[in-house]
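*Asks:* Single-letter residue listing:
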Amino acid sequence: MYDEMLDAGSIPRPHCRRYCDWLNEQPPQRLAQKRAEADALFHRVGITFAVYGEKTDTERLIPFDIVPRIVPAVEWTTLETGLKQRVRALNAFVHDVYHEQEILRSGAIAPEEILCNTQYRPEMQGIDVPAGIYAHIAGVDVVRDGEGRFVVLEDNLRVPSGVSYMLENRKMMMRLFPELFAQHSIEPVAHYPDVLLENLKSVAPSGIMDPTVVLLTPGAYNSAYFEHAFLAQEMGIELVEGQDLFVRDEFLYMRTTRGPQRVDVIYRRIDDDFLDPLSFRPQSTLGVPGLLTVYRAGHVTIANAIGTGVADDKSIYPYVPDMVRFYLGEEPLLANVPTWVLRRPDDLAHVLNHLPELVVKEVHGAGGYGMLIGPAATRAQIEEFRVRIKQHPERYIAQPTLALSTSPTFVAAGIAPRHIDLRPFVLSGREVTVVPGGLTRVALREGSLVVNSSQGGGTKDTWVLGKQAC
Amino acid sequence: MSRYLERAESLARMLDAHHRLSLLPRPREAVFQGWSATLVSLGMEERFFERHGDITARAANDFIAFDPDNPGSIQCCLKAARENGRAVRGTITADLWETLNYTYLESRAFKPGLADAGRGNFLEWVKYRAHLARGVAAGTMVRDEALCFIHIGTFLERADNTTRLLEARWRDPGRRNERLIVEAAEWAVLLRAMSAFETYRRICRQSVTPERVTELLLMRNDLPQSVHRCLDELEINLEAIANEQSAETLRCAGELCAQFRYGRFEELCAGGVTALLDRFQIRLRDLGARIANDFLVPLSSAGAP
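Residue numbers (the working numbering), protein chains in the order written: chain A, 63 to 532; chain R, 1035 to 1339.
Hints are computed from structural coordinates only; laboratory data are not their basis. For every residue, glycine included, the Cβ atom is placed at its ideal position computed from N, Cα and C. Misleading hints may appear alongside valid ones.
Pairwise CB distance ranges, derived in the manner of DEER restraints [as the list claims (entries may be wrong)]: (1) G1169(R) <-> E137(A): 47 to 55 angstroms; (2) P344(A) <-> Q1279(R): 27 to 35 angstroms; (3) T1174(R) <-> N86(A): 39 to 47 angstroms; (4) K1145(R) <-> P89(A): 33 to 41 angstroms; (5) G1077(R) <-> T440(A): 53 to 61 angstroms; (6) S1241(R) <-> G321(A): 52 to 60 angstroms; (7) T140(A) <-> P1146(R): 35 to 43 angstroms.
Chain A stretches covered by chain R per the calculated footprint, using a threshold of three residues with CB under 8 angstroms from any CB of chain R [unchecked claim]: (8) 150-157; (9) 177-184.
Produce the complete structure using the sequences and hints provided.
*Replies:* Next comes the structure, spelled out in C-alpha cells:
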C-alpha cells in the first residue's frame, strides 16, 4: 500500500521530511485544539448544509483534517500535463459526438453506446459552441494504483463541486498554522475564481466586449449552495435562480431592480434536465423557459455545455484513453483504472466469476451509492448483486478493488493512515489551466475506501510544493 | 433580513421592559394584564393561548424568546434573518453574513426556562448582536441598493416596533394606577428598555409622563428610535432606489412622514393615542406591502416585465 508521506520503511519521503519533523513536535492537545478551532470557524463561515426533513436543526459539516496532503512539484507537473491532455481529448470527443461523429464511424465506439445513452442530447446536434469547449470545468478524480502511479477514476464533467473546499481548506490551514506556510513553499490556489471568470468570459458569444456572467443555482436549499454563493461572491458575478432570468426574442435577460440586463454566459450549477422546462423536464421550476432557443441561436454560453455528460458516463469512461489517441494523436499520460464493461459478454463472464474481489458500479450512479465493494461485502450482498447484474448487465461496470493511497490523518486515536483520493479542477477556455491543488477527500473510517462525504468522508488541504522546494 | 434582526432586538427590548416592570411594586393582575397587552400588540395572543392555558411570566417569556413553533419568537427571527441573509449571500459581505450566521448558531446555546439573570443575559446578547450586525453593515457594505434595502427594512421595522411598545404601554391598565410615582416609574422603564432614558432627561428635563414620552418617541426627528426619524430615513432610502413604478410608494411614505414632520402632537392624538397608533400601524403595513410589490415581486413573477 502506498503512503503519501512515508516510504515502505516508514521513513518520511524527501518532500515531507520538514512537515513530518514539525508534526512530531506537536503535542496532541495542540492538534486537538486546532481541529476544534477549525470546526468552529467553518460553522461561522457557514460551510455547512442543513439536513432537511429532520426536525432538529441538524447542520452537517464535512469533517476537515488538519494534516495536509503534500504533492511534490515533479509529480504535480506530470499529473497536470496528463489532466490537460485528457480534458482536451474529452472536449474534442463531445464536439465530435454532436457534429461529424467520426469516432463512431471509425468503429472505436459502437454508435448505440452514445446515441442510446441517457446523457446524449440530440438537441445539441449541430450546435457550435465558442472555442469548441463543452467541459469548461472538470473535476477529475484521481487515485494512486498499487505502484503509486496516479490513475483516473472518474472525469466529472457535468457540475463538479468541491472547489470551495479547496479554497476554504487552504484559508483555514493558513490561519491555523501560519508557521508551516513560512517554512514550505506552497503553490497558491486563491486565484482559482479569477482564472474561472477569465475562462468563462473568454467563451462568451462572439462580438461581446464585456460579457455579463451569472452563476445559476437551484437555490438556497441545495446542499452545494454555499459553494454557489461563495464562487459568485469571489468572482463578483450575480448569483441567480431560474426565476431571475427570462428569454425574449432569442436573448437571455436577468431581472434587476433597474430593469432587464442581458446575460451572455451562464455558469450553471443545475443539471441538464432542469435547465429548460420547454425542452427537458416540463415540471422543472429551477430552469429558464426557452433557454435552449437562446442557446441554439448562439446568444448565450452555458458552462458546462448541455450534453457534456455523455463524456463522463461510466460506460464511456473506458474509451477515454482511446479518445486521447484518436483526437490528439498522443499516448495518454494518465491511465484509466482497468475496467470491465459488463455489456461485453467476455467481461461479464470474468466479473461474475470474480465478484468477491471486484468493485461493481452502476453506470449512472454517483456519490458512492449503488455500488458493490466485493472484499467488504457479505455473501448475501454479493449474490443479490449477481442477480441484478444478470438482469441488466449493460447497467454495470466493474473494476479491481483499488488499494488507494493513504495519508497520515488526525483521528481519535492520534495520527493514523487513512485512504484518500484527489480531485483537481481543470479549467478550459481559450487555454487549459489547472490550479495547483485540488480537493483531497479522505475516508475517515479505518480501512474504508469510500471517500464520499455522504458516507463518512472528510477533506484535507492539498499542497503542491513549489519547484525550488525540497 | 434586517427586518427580522430589528424585530428580534425590539422583542428583546420588550421582554426587558417586562423584566424591569416586574421589579416594581405592582398588583398581580397588572402583571397579567401587562403580558396580555404585549401579546395583543404583537398579534401573538391566539397562538399563545393555543399552547398555554394561562399567562405566566415564564410561559410568556419563553414563548416570545424561544418557542420554535412561534414564528415571531426571537430565536425564529434570528434564524429567519440568517436564512434571508443566505438567500442574498451574493449581495452582502462575508463579514455581514458571518455575523448573521454566528448570531443564529450562538443563539441555540440559550434555552427556554432560563432564570431571570440568564434571561437578562440573553436579552442583552440579542441587543448586542443587533448592534454588531448594523455596525458590520455600515462598516463593510458598499453604498449601493442592497444597503438601501437593508436600511429600509431596519427603519420600517423600527417605526412599527416603537408604536407597538407604546401601544402595549397605553393598553396596559396598570398605568391607571393612582400612584403617579409608580406610573412615572413604568414609563421610565419603557424609556430604559428602549435605551432612550438618558436622552429623555437631556431633552425634556422634566418628570416622566406618558404624554411626554409618547411625544418624544413619535415626534422627535433626532432620536434614532422615534417614528419621525425612522420615516425620514425610510424616505431617504426609498428615494435612492426609486424606479419607474415606485412613485406612489414614495408619495405615501412622504405623506406619512409629513404628519410627523409638520403635524402637531396634540392634534394627531385628538382621537386617542391608541387609535393613532392603530392607524399608523395600518399605514406602515401598507407601505411595507407597496415596497415589496414595487421592488421585489416583479423579480419572481413570471413573464417579462
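*Asks:* Now look at each hint and say whether the structure bears it out.
*Replies:* A quick look at each hint next to the structure:
1. G1169(R) <-> E137(A): 47 to 55 angstroms: holds (48 angstroms)
2. P344(A) <-> Q1279(R): 27 to 35 angstroms: holds (32 angstroms)
3. T1174(R) <-> N86(A): 39 to 47 angstroms: About 42 angstroms separates the Cβ atoms of T1174(R) and N86(A), which means 39 to 47 angstroms holds.
4. K1145(R) <-> P89(A): 33 to 41 angstroms: The hinted range 33 to 41 angstroms holds for K1145(R) and P89(A), with Cβ atoms some 35 angstroms apart.
5. G1077(R) <-> T440(A): 53 to 61 angstroms: holds (59 angstroms)
6. S1241(R) <-> G321(A): 52 to 60 angstroms: Given a distance of about 56 angstroms, which is inside 52 to 60 angstroms, the answer is holds.
7. T140(A) <-> P1146(R): 35 to 43 angstroms: violated (60 angstroms)
8. 150-157: violated (count 0)
9. 177-184: violated (count 0)
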